[in-house]
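A.B. asks: If you want the building blocks of each chain, they are given just below.
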Amino acid sequence: MSVSGTTTGLHRHRLDNGLRIVAQRDESLPLVAVNLWYHVGSKNERPGRTGLAHLFEHMLFQGSLHVGTNDHFGYLQQVGGVANGSTWYDRTNYHETVPSSYLELALWLESDRLGFLLPALTSEKLETQRTVVMNERRQRVDNQPYGRALEELHRILYPVGHPYSWPVIGTMEDIAAATLDDVRTFFATYYSPNNAVLSLVGDIDPEEAFTLTARYFEEIPVGRGLPPPPERSDEAGEGGRLILPDEVELSRVYMGWRVPAYGDEDWYALDVLASALSDGKTGPLYRDLVYERELAQDVSAMILPTELEALFLLVSTARPETEPERLEEALLDHLRSAAAETLPPALFRSTRERMATAFLEGQESLDQRADLLSQHATYFDRPEGALEELDRYLGVQPDAVRAAAATHLTASPATVVVVPPERAA
Amino acid sequence: MSLDRTRPPVSPPVEPFQFPEFEIASARGLDVYLLPRDTLPLVHLELALRYGADVEPPDRRGSATLTAALLAEGTAHRTSQEVAAAFEALGTEVHTNADWDGTYLETTLRSEHAATGADLLYELLAEATFPGEEVERLKRRRLADLRRRASRPDFLASREMLRALYPDHVYGESLLGSADDIERLARADVVARAGRLRAAPLTLLVTGRFDRDELLARAAHWDRPRVVAETAAPPPQAVPEPERRRIVVVDRPQAQQTELRVGHQGLPRVHADRIASQVLNCVLGGKFTSRLNLSLRERLGVTYGAWSRFSARRGRGPFVAGAAVETEATGRAATEILAELERLRADPVPATELADAKSYLIGTFPYSLQALEGLAGRLEDLATHPDLPRETYREWPGAVAAVDGGALIRTARAHLHPERATVVAVGPAAVLEPQLSALAPVEVVAAADRQRP
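Top to bottom, those sequences are chains A and B.
Residue numbers 308 to 732, in the numbering used here, belong to the letters of the first sequence in order.
Residue numbers 8 to 460, in the numbering used here, belong to the letters of the second sequence in order.
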């Protein structure tokens, strides 16, 4: 299956200060997606100062030497730009899609906050964003039913001190404890052009875009030197099964396994497995647990694309009458089947068809394409990997799926978090 | 020339994006809207029926969405699982749902499967059999889903607002209905509704890369009976609004934050002030740099994000402003929201702020049309609101640009009513009641009572 359209190949460029730039022309709409990845995330933090990468991401929208406090969004929204950023375990991204004639505006803003942030970094801004982030944590985690389940799963799945053991948003205590000096040091350490990838996808001329990017970024010096990244560790976490009662009506179970990192062959095999099991209504998890036996309200399987190692996750909400243990056992039965027998041909075929359609749908968004380019450039120094991603999935054979399930999922017990209703606990 | 960073770079002004041309064709018994976009080998297909939830009788609430969902749960030729398998073999799935104004069956597929996909969609509409066992199965799942949703403070907040603004009115409950509504529905209700649905005006919407003649031939083959008369019911009658401000606190003693809403009835989709209200909403709470967000998030620091929204439906749907706020700051936040509404009524919006809102709306127009679903959504709007002219989206950027300060303040005075707004706060009543009682009399309800959804 091949993808055609009004797009051309990838153009790559690298500035002397190490900034890598990837550009791809697409003339279908008069827009350009500008997408910047910094190779720093929550895994680069330490206990006691968790949440710093995310808090810092907020600070980066507060203006810089030549950009007033609310003017980053101000300038972009004025021209019809759609902008955001996000923090993850392994990276922090900043992105905006603007009408293509405003590429230079986006480059001015991004280069100003990379090259000239510190003079504008005030304790007043830190205090404002600290409260915003605390409210974000309340809204997304502490005041959400089931909100703390995933961070608890991470806490017990990984050993103490493991870079994936704490939540990306950080603990409330650590968010409260961050100092202006922490923020300045974090910036100086990690926000360096040689720790960044800029991807541009849209109605641009790639060579002109490189010239323009160089104009804005080349004077920014390389940072002081990056510390070595945290290393993979095979040390086991406490594991087990944690009960976390909450103000909910229906129980939910979260089951996790530590599996090979994003990019590994088995990672792709496990993603195919996740898709086959839980996407759509003919996948065995939905068909058996939701539709036929009505044990579950919903069920999903997924694998996270993380760098040191990955997490394979099963999440399922139980019907009111179903005991969580019964649901867990049913989920494990399906994994055991997947480890013992290859996927039925019809299911394997429809999974592949779905992956191909989903890949095409992903191509509709310029920013999603740019983000995937940045992802491959950051993790593997090969942006062309983004264009080969679908082929990697389609190259996975049924027996590789079975073997990956057997090796990584059924050979070791799951780590489990159960969220039952408080009144029943 | 050395780089001057002290000012943003100047770029030439951008022409407003032109909504692409589309064709309206007729097939037997239906209209077909065809909007080609050749960028990717994808096509989005949708059957849109001008028959939504707002025509449900009060004792059949929830029947629109239940019937829509059941369209995918078995036909004369396929069981529920076989329907799913047919779409999944094409690498896709089908979505069947209803909103207040219409019922929709849609799918996005690779272009090579367009004809097969279109036939499958029509089979679901025309030949769904609503097996009794599927009706019961879906009811059970919906009841459980309602219980799950009722744990969410944001769901409790919006549902409480609907009940306050639309007592004894079809808009006064979510589209799913209440638990009592769902339990009461029987297969006979679904079958009866399906009969009326099938007689409603139908449009096939096609966007993406497709063979026009092939799809029109498929539609002709369906041999749908011609709809002789417009069978759509009139929009729902207006319901009297509360005459004075009201506050309802839904008590959740352990809440870590408060979900706050300020609302009243808004204006219908088709209205002379619709476009001015979009500009007004953009200024008020429709973007990051809106008044509500900058005030509540960046200045007062009491929330992660504040927003506002006018709904767009045949009748006067709600206007709501909201935010998840620090519980101790709820009184201040509610006061601030009401003050911003009042300010828009009292003082003209400064010219630069107005210009920024308009350029944001016009500038983000192509962004919202990147995906085929974005294009299809606009066509769906035209198909379900026949009073809208065909050129609505081609004219939209110009209509936005034409909104001036006078129109904005008139729209604010006509459609923002802080003096009789309803305030809903979901959080610990012991802490909230003293903060809010200065604004209006406070009524406290227990979440447990509201949690029987």
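It cannot be assumed that every hint is accurate.
20 Å max Cα-Cα, derived SDA-like pairs, lysine to any residue [to be verified]:
no., chain 1, residue 1, chain 2, residue 2
1, A, Lys588, B, Glu113
2, A, Lys588, B, Thr136
3, A, Lys588, B, Ala96
4, B, Lys146, A, Glu599
5, A, Lys588, B, Pro138
6, A, Lys588, A, Asp541
7, A, Lys588, B, Ser181
8, A, Lys588, B, Arg144
9, A, Lys588, A, Met609
10, B, Lys146, A, Leu639
Just so you know, these hints were derived from the structure itself, not from any lab.
What you are looking at is a predicted structure, and each value in this text was computed from that prediction instead of being measured.
A.B. asks: None of the hints should be skipped; say for each whether it holds.
C.D. replies: How the hints compare with the structure:
1. Lys588/A to Glu113/B: holds (16 Å)
2. Lys588/A to Thr136/B: holds (19 Å)
3. Lys588/A to Ala96/B: Given that 20 Å is the threshold and the Cα spacing comes to 12 Å, the pair holds.
4. Lys146/B to Glu599/A: holds (14 Å)
5. Lys588/A to Pro138/B: holds (17 Å)
6. Lys588/A to Asp541/A: Violated. Lys588/A to Asp541/A sits at ~36 Å, over the 20 Å cutoff.
7. Lys588/A to Ser181/B: violated (25 Å)
8. Lys588/A to Arg144/B: holds (14 Å)
9. Lys588/A to Met609/A: holds (16 Å)
10. Lys146/B to Leu639/A: violated (28 Å)
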